[in-house]
Each structure stands twice: as structure tokens, then as C-alpha cells.
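Novice: Residue numbers (my numbering), protein chains in the order written: chain C, 2 to 500; chain L, 2 to 325.
Think of the hints as simulated: they come from the structure by calculation, not from any bench. Where is the CB? At the ideal position from N, CA and C, for every residue including glycine. Check the hints yourself; a few may be wrong.
[What the hints assert, rightly or not] Simulated restraints on C-beta separations:
no. : chain 1 : residue 1 : chain 2 : residue 2 : range
1   : L       : Glu253    : C       : Pro152    : 47 to 57 Å
2   : L       : Trp209    : C       : Val478    : 20 to 30 Å
3   : L       : Ala314    : C       : Gly283    : 39 to 49 Å
[What the hints assert, rightly or not] Result set (EDC-like, lysine to aspartate or glutamate): computed pairs, CA atoms no more than 20 Å apart in a straight line:
no. : chain 1 : residue 1 : chain 2 : residue 2
4   : L       : Lys114    : C       : Glu73
5   : C       : Lys207    : L       : Asp113
6   : C       : Lys207    : C       : Glu64
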Amino acid sequence: MSRESRGKQSEADGDGPANAAQRLFAAYETRPAFYDEMFEATGVPRAHCRELCQALDAMRPAEIAAMQEYAERSFLHQGITFAVYGEEGAQERIIPIDFLPRLVDAADWDLVERGLRQRLEALNRFLADVYGPGRILEDGVVPVDLVRGCPQYRVEMRGVDVPHGVYVALCGTDIVRTNDGFMVLEDNLRVPSGVSYMLANRRALKTSLRNLFRRHHVRGIDHYGRLLRQTLTELAPPGVSDPCIVLLTPGVYNSAFYEHMFLAQEMGVELVQGSDLLVHNGFVYMRTTAGLKKVDVIYRRIDDDFIDPLAFRPDSQLGTPGLFYAYRLGNVTIANAPGTGVADDKSVYVYVPDMIRYYLSEEPLLSNVDTRLCRDPEGLEYTLDNLEKLVVKMVGESGGYGMLVGPHATPEERAAYAEELRRNPDNYVSQPVLDLSVSPCLTPSGAGPRHVDLRPFVLRGNETRLVPGAFCRVALVEGSLVVNSSQGGGGKDLWVLSD
Amino acid sequence: MLSRNAQGLYWMGRYLERAQHGCHLLAEQFIIIEDRPIEQIDQSWRRLFRAAGRTPLGGHLDPPPDDEDFMLADAYTLADDLTFEPTNPNAIRNCVAAARESARQVRNVIPDKMWSSLNLAYIDLRDVEMETIWNDRPGTFYDRTMGAIRTVSGVAEGTIYRDDGWHFLQLGRFVERLQSVAALMDAHIALFPTAAPDDDADWLSLLWICEAHFAYRRLYSQGLRPTSMVDFLVADPSLSHSIRHALGRIVEALDAVAAGPPLRIEAERRAGRMVASIDLDWPDRDPEDDDATRSALQDLGASCRQLHDDIAAAYFNYEIEDAP
Numbered sequence: 002m003s004r005e006s007r008g009k010q011s012e013a014d015g016d017g018p019a020n021a022a023q024r025l026f027a028a029y030e031t032r033p034a035f036y037d038e039m040f041e042a043t044g045v046p047r048a049h050c051r052e053l054c055q056a057l058d059a060m061r062p063a064e065i066a067a068m069q070e071y072a073e074r075s076f077l078h079q080g081i082t083f084a085v086y087g088e089e090g091a092q093e094r095i096i097p098i099d100f101l102p103r104l105v106d107a108a109d110w111d112l113v114e115r116g117l118r119q120r121l122e123a124l125n126r127f128l129a130d131v132y133g134p135g136r137i138l139e140d141g142v143v144p145v146d147l148v149r150g151c152p153q154y155r156v157e158m159r160g161v162d163v164p165h166g167v168y169v170a171l172c173g174t175d176i177v178r179t180n181d182g183f184m185v186l187e188d189n190l191r192v193p194s195g196v197s198y199m200l201a202n203r204r205a206l207k208t209s210l211r212n213l214f215r216r217h218h219v220r221g222i223d224h225y226g227r228l229l230r231q232t233l234t235e236l237a238p239p240g241v242s243d244p245c246i247v248l249l250t251p252g253v254y255n256s257a258f259y260e261h262m263f264l265a266q267e268m269g270v271e272l273v274q275g276s277d278l279l280v281h282n283g284f285v286y287m288r289t290t291a292g293l294k295k296v297d298v299i300y301r302r303i304d305d306d307f308i309d310p311l312a313f314r315p316d317s318q319l320g321t322p323g324l325f326y327a328y329r330l331g332n333v334t335i336a337n338a339p340g341t342g343v344a345d346d347k348s349v350y351v352y353v354p355d356m357i358r359y360y361l362s363e364e365p366l367l368s369n370v371d372t373r374l375c376r377d378p379e380g381l382e383y384t385l386d387n388l389e390k391l392v393v394k395m396v397g398e399s400g401g402y403g404m405l406v407g408p409h410a411t412p413e414e415r416a417a418y419a420e421e422l423r424r425n426p427d428n429y430v431s432q433p434v435l436d437l438s439v440s441p442c443l444t445p446s447g448a449g450p451r452h453v454d455l456r457p458f459v460l461r462g463n464e465t466r467l468v469p470g471a472f473c474r475v476a477l478v479e480g481s482l483v484v485n486s487s488q489g490g491g492g493k494d495l496w497v498l499s500d
Numbered sequence: 002m003l004s005r006n007a008q009g010l011y012w013m014g015r016y017l018e019r020a021q022h023g024c025h026l027l028a029e030q031f032i033i034i035e036d037r038p039i040e041q042i043d044q045s046w047r048r049l050f051r052a053a054g055r056t057p058l059g060g061h062l063d064p065p066p067d068d069e070d071f072m073l074a075d076a077y078t079l080a081d082d083l084t085f086e087p088t089n090p091n092a093i094r095n096c097v098a099a100a101r102e103s104a105r106q107v108r109n110v111i112p113d114k115m116w117s118s119l120n121l122a123y124i125d126l127r128d129v130e131m132e133t134i135w136n137d138r139p140g141t142f143y144d145r146t147m148g149a150i151r152t153v154s155g156v157a158e159g160t161i162y163r164d165d166g167w168h169f170l171q172l173g174r175f176v177e178r179l180q181s182v183a184a185l186m187d188a189h190i191a192l193f194p195t196a197a198p199d200d201d202a203d204w205l206s207l208l209w210i211c212e213a214h215f216a217y218r219r220l221y222s223q224g225l226r227p228t229s230m231v232d233f234l235v236a237d238p239s240l241s242h243s244i245r246h247a248l249g250r251i252v253e254a255l256d257a258v259a260a261g262p263p264l265r266i267e268a269e270r271r272a273g274r275m276v277a278s279i280d281l282d283w284p285d286r287d288p289e290d291d292d293a294t295r296s297a298l299q300d301l302g303a304s305c306r307q308l309h310d311d312i313a314a315a316y317f318n319y320e321i322e323d324a325p
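Bound-form chain C, shown alone:
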């Protein structure tokens, strides 16, 4: 906000600091059931949030409204969108932003970061194992039928020599916090989205809240695009030193098209669609105005099913015929590798702590949510008996689709869901309703607590890298626990503080 407009605001409101009733946090109350990211108790900010709270409390309501409005307007003008399928006129829906940041102190971040590195290492080894020798299956640590029967298991990947053994080059892990600490809710190992919103939230806040960044020693995240490009460069096929990298998008109708465009721009690589590529003699080329150009690395944002109609779904219009053949020959890198979905399947998830112990001989630093597999008879029975207390998810789905939140469902909805469950128990897992932590969000009546989670983005090339930040997802509706962008959730900036 400019000095001039600040001046105008203060004229409208009268000069001097906000009076007590107008303060942003005047009516903000904490509740013991939910960990509050900013307050220890009502009126008592956590140590690392104290300065921010004071600064915000000293602002006039009009000034705060102007900051929020600035953030929203800049999103609209830049067209920062995330489409919600099936919603009328939502193809270019602007993703909601809440301008109040969530703060994470250095010690908490350190734990999250180490936990994520450990987890991604184990998951990559697991994938190399199940598509290779299958030791973990032979040793009975993970049930063979669970893996081989998983719809995301790609038998075509058996014995493929994956460049540098890196199956998952990028993941976006959902982490929640309850009064019991941090927990991993799910590993997104296929085509996780959200990193552009993390960067866009930061950019918007730097303009509206700029004086507060330096004071808080917020760690920078702007180098993500560079790290991503470096990671993809390292994963190029052997012998290619300056690889031609492209980002493969399903196109403008995809909900995350904005992100695809943004990342291509950040990396300085071409954004291509399946129809821009063709395969000849086992190599992949893109069609340019100066003829065909060889492509070495494809960061694909298309699901496995659609990347190559010859290898996977024959009706795919989005992919490139022969792409998988070129990949098998080792002439092109596809990141993430096809078949990574078997490791973020919601039933396989249950075994991730065991994988960490098995491959790394370490105890998991981040715990899992207590999850029951409905394929186990006890699990099914428990789930059916406690439906009103549980969240039930379909194993192969993501984005909050196909989910039942027991306590919020009607008895009819629960009965219908139970019937489905009995018919096809393998397809479901259940978890307790998590008391997700809350963080203050701007509401029409000052700040109010809203449930949040965080999705940091981890990269794996020759080494594991991540920027100190995350897309912090927010359930904008009071009391709601659903933070998914595809279900109308919003985002806020997350500040990782240095020591």
C-alpha cells in the first residue's frame, strides 16, 4: 500500500492507534481442543508470534481490510486460478487468499524438514524395490497383494532402469498438526500442485505487509524455480549435459493450469501439451517454428493413465503416442516416473513408517495418522461401527474426492456409504476425525480461527532439496475441516522463521 493511501485511510478512521474494540484480535478466542498456531491461550500470543500480533493489533480495521483487498485484487489481475470442477463459471476461479500469515518457528521447521527428507528417501527406495527385486514384499513387511493389486501399480515399470533411481523427483506432502504434534496426512507423489500458490501468496504479502518481513527474519522461498530446474537437469538421461526440459500440461482446462504456466515461466522452459510432442526412432521431439527439437526431460503434470495412449489408456487425447517406449529406452526422463502412485495409495500409506524402519533403520520422525484398512476384517468392522466418528477415504482418490466425513454426514449419507464400503472394502481406509490446528484468518468480524494444514514441496535430484516454506491450506468456512483447493479451500502465506 502506498503512503498516500495510508494517509487517506487514517483520515477516514480518525488518527491514532486502533481502539480496543477495533483491534484485529479483540474477539479472538482459542479453544483447547485445537492447537492454535498463533496463540497459547486467548490473548496470549506464542513467543514467535508476539511481534506480529502487536503490529497487527496496532493497525486500523480499514488498513487491514485494504491489505486483504490488495492481496485479492492482485490475484485477480494476475489470474491466479485453481478451477473447481463442476462449479458453474469456475474454470478460472481465483484461489482465495487470506493475508494473515501462519508462522512456524525454526525448531518446528527443522523437525518437519528432517522428517520429510527421511520419508522421501524411504519412499523412493520402496518404489525401486517394488519395481525391482521386491525384497520388502518377500520379507512380508508390506503385503504383496496390496502392492500388486493396487490400481496405481504399473506392471509396465517392472525392470525399467529409472534415471538415477529417482522415481519421485517432486512431492507435496500434506502435514497437519494436532495437540499431539505434526502428522503426515498423505504423501502426494504423482502430480502434486500448490507450489505456485505458495510463491504467489508470498509475493502478494511482501507488497502488503512488507515492513514485517525483515523484522521477523522470514526465510526466503523464491529460489524454488531454480531448485526445480536444477533437480530436473540432474535427472537428464546419461550423456546429456544441457538437457532440453519441458513441462507437460493437459492444457488450459486443467484445474492447475495457472501453476503449470507459472512453473514453466519460473524455470524458463517450454510449456507443452501432448500434441506438441512426437516420438520418432525412440526419441521425443517437440514441434517448433524452426522444425523438430529433441526433448530430454519431461516434468509431466498429467496422470500416468494419460501420458501415452499406446502404453496406458488408449482413449487419452492428452498424451503422446510412444512416449513410454522412449522412456523405457532411457532416451527421455519423465518426472515423476510412471507408477509412483503405488506409494501414495491410501492403504500403502499405512506401511510408510515400516518402510522407513526397513530401508533406513531409523525411527520415523513424523508420525502417520492412525489409519485402518477396510480390507482387513477388523478394520472394516471397526470402521462400520464407528462411522459417525471417522473420516473414510477411497484409497485411489485425492483432492478430497470420494470422502466421507462421518460427524458431518447425515444418517442417510452414512448408510449409503456403509453399503458401498461393504461391497468393496478394499477400496477404503478410515481415520479418526483429526483436530486440525487453527490459525487466525480475516473474517468480517475481525480475526477468527480456521483450520489449516501445510504442504511443503520436496525435490529429489542428486540430493534432496526443499525451500523453507509450504502452501498453507485453509478451510475458509468456520468449523470446516476440509482444506482441499478442489473443495473450495484457500491459502495463506507460511513464514518459516530463522533462529
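Given chain C's structure and the hints, the job is docking chain L onto it.
Specialist: Below, chain L without anything else, positioned relative to chain C:
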């Protein structure tokens, strides 16, 4: 450059130019409406629809003899058809929306500021209806929209990296300009013969639409002569809206994107022949012969449509005969 991106930039250029041209035509039309006799207003609407190659809603433009208020109501309908009509792909709002949609698909190869200026132009236009602008001096709406599109062009000029993307944007813009000026002049001469015009105003309005008014005044001090105006708008390479100027820019852009071998591709040769037809053949025709002038203009328009196909065949949808 990726063919699809080149194509997107080319179409962005075309749609922006088309929207701009539409604004010029309608802004001028609302000035004509202010003080001209009803028959002349009627004629200038005909010019507009002929140039656009569009049949007005209702199928004709002639007012019923017993309806005094017909022209006003009609102007509303006609302007609405050319500005907001959802089913008219060349309506101004649709052109801006199409330019923006092309831009959205190639956002990663254009400057951020260029995208957001175009996005803003679109957002300002998105929810406007004829009713709103009718009650608030319609002319100002077209001026404003023109200003927003000029801002996009200015931002592009000032920020874009001069690689092939820029040249394809220019190609689109000047192919469109050539076609629309040729079509407008053809329609104009059909309705307003060059010999002994009844009223200078019709010809002056043509100059205004082509942003040629002041330059013409300076260069042709002896007064308005339709034949000299036609020469000016067709053959003067220094006039930004002349056909010859557009051709010069097309040749430049084609030169810049040409891949290499000394043999010129079809698009370049065709553009070269068009240049020759103006530089060498145009002065030979009888300037008093409106039919000859119109047929030359129609030939230029037809060549330009073929040029469009040549460009698409060479750079966007080329056949892959033998991959490397």
C-alpha cells in the same frame, strides 16, 4: 519457438488489432450519428457492416418510412451487434476475450505486465452491456476500450523480448490490419464514389478511422481529394495504417523468423509480390476508375488471406515428412 506458442501469439496480435479496429469504427460512427443527416448515417452503417462482412440483425438496414425514431433504436441494435453480441465472433468484446484467451495459453512466453494489462482490459469489459454504455455516452466507451488495448500494445512494445514470439505477434497484427483496411476501403468506395463527393465528411471519417487525418492534412495542403486519400491509405509506407506500411512490417517479421536457407518460403514470396503490386502496379491503374481500385483492393485482401494460410502451413501445422 514452440509452434503452438507462435500460433497463440499470432492470434493474440490479430484479435487485438481486430478489437482496436472495431473500436475505431464505432467511435467514429457515434460521432457521425451526432450531427449528420439520417441518410448519411444509414450509409455509414452500411459501410461498417460491409467492411465487417456481416449482415445486420434483421437482414437489412433500411428504415421503414413511417417510423421517425427508427434510426436511434437501430443504432442501439447495430452497435450492440458489433460490440457485445455473443454469437458474433468479431464483436469487440469477443475479440478482446479471444485475445486474452490466446494470451492465457502462452502466458509463460510473454511478460507478466503484458498479460495483466490485457487481463485488466478484459475484466473491465467482461460485464458491460449495451444498455450501460448507451445511457452514458457510448463514444466514451469505445475511446476507453481503445485506450486499454493501446496500453497492452505499449506494454508489449516496452517489455517483450525481441525473439520469434515478438515477430509472430507483429505478423498477426499487421496481417489483420492489412485485411481490415483493404475491406474497409473497398466498402467505402462502393458506397461513396471518388468522383465529386457530395460531402467531404464521409471521406474525412475514413481518414479518422485510419488515424490518417492529421498526416493527410499536413501532406496534402490543397484540400480533400478522394483519389489522393486512396493513394495515401494504400501506398504510403510511412502511414501506420496504410496497406503498404502493414506489408512492410509483415515482410520484416517474415524475414526475422525465416529459418535459414536462401530460398524464400511461399509466405515470403507472396508478401514480396504484394509489395510489388503496390510499388509497381498500383500507380498504373486509372485512379478515376473505382472498379479498378476496388478490384485491386480485393486482390490484396485475397492475397492476404492466402498469406495467412502460408504462415500457418510453414510454422504452425507443417507436415512432418521425415523426422530427424
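Novice: A separate judgement is required for each hint: does it hold in the structure or not?
Specialist: Status of the hints after comparison with the structure:
1. For the pair Glu253 (chain L) and Pro152 (chain C), the supplied restraint of 47 to 57 Å holds, since their beta-carbon distance comes to about 56 Å.
2. Between Trp209 (chain L) and Val478 (chain C), the C-beta spacing of about 55 Å breaks the proposed range 20 to 30 Å.
3. For the pair Ala314 (chain L) and Gly283 (chain C), the supplied restraint of 39 to 49 Å is violated, since their beta-carbon distance comes to about 28 Å.
4. Of the pairs offered as hints, the one joining Lys114 (chain L) and Glu73 (chain C) holds, with about 17 Å between alpha carbons and a cut-off of 20 Å not exceeded.
5. Between Lys207 (chain C) and Asp113 (chain L) the alpha-carbon distance is near 18 Å, which keeps this suggested pair within the 20 Å criterion.
6. Distance check on the hinted pair: Lys207 (chain C) and Glu64 (chain C) sit about 15 Å apart at the alpha-carbon level, within 20 Å; holds.
Hint check: violations occur at hints 2 and 3; the rest are consistent with the structure.
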